[in-house]
Amino acid sequence: MSKTEHHAPEINAYTVCGLVVLSRPENYRQVLDLLLTIKGLDVHNSTDTGRFAITLEEFPESSLMTHQIEQVRCLPGIIDVSLVYTHTEPLTNDGGSDGRGLTASQ
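Per the working numbering, residue 28 is the first one in the sequence shown, and the count goes up by one each step.
Treat each hint with caution, since some may be false.
Below are the SDA-like pairs computed for lysine to any residue, each with C-alpha atoms no more than 25 angstroms apart in a straight line [stated by the list, open to error]:
no.: 1; residue 1: Lys66; residue 2: Gln98
no.: 2; residue 1: Lys66; residue 2: Glu97
no.: 3; residue 1: Lys66; residue 2: Val99
Across the chosen pairs, the derived CB separations fall in these ranges [said to hold, decoys possible]:
no.: 4; residue 1: Ile96; residue 2: Asn54; range: 10 to 20 angstroms
no.: 5; residue 1: Pro117; residue 2: Thr76; range: 36 to 46 angstroms
no.: 6; residue 1: Ile106; residue 2: Leu63; range: 10 to 20 angstroms
no.: 7; residue 1: Ala40; residue 2: Thr74; range: 16 to 26 angstroms
no.: 8; residue 1: Pro117; residue 2: Asn54; range: 15 to 25 angstroms
no.: 9; residue 1: Leu118; residue 2: Thr74; range: 31 to 41 angstroms
Just so you know, the hints here were simulated from the structure itself, not pulled from any lab data.
Yeah, the Cβ is synthetic: ideal placement off N, Cα and C, and Gly gets one too.
Could you build all of it, start to finish, from the sequences and the hints given here?
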């Protein structure tokens with residue numbers, strides 16, 4: 028493998044994180060429309076003052092959570108992104124979670 032060639036690490040867990048996203052009020056509609064285009068992202072609450080409560084899900088076939096958060100952070104009109112929650116569970120052989128639930132604080 029060359030020095031410039033990168034392979035995504037194998038993901039053996041399901042991770043979900045909660046984010047608070049802030050935008051300028053005048054960019055609310057544009058930011059909402061852009062957020063809704065991101066795979067694995069759900070907008071749970073938003074206000075026209077530019078505040079969004081979202082979750083991101085990371086699955087084995089998706090990009091790394093850090094890449095997804097960076098994608099949100101780099102959207103036009105975003106002022107701030109704060110990570111407020113994260114939860115990870117190991118995947119079973121069939122791709123489901125095992126229900127044990129591991130969090131960043133454990």
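Problem set entry | In rising order, the numbers of the hints this structure does not comply with | 7, 8
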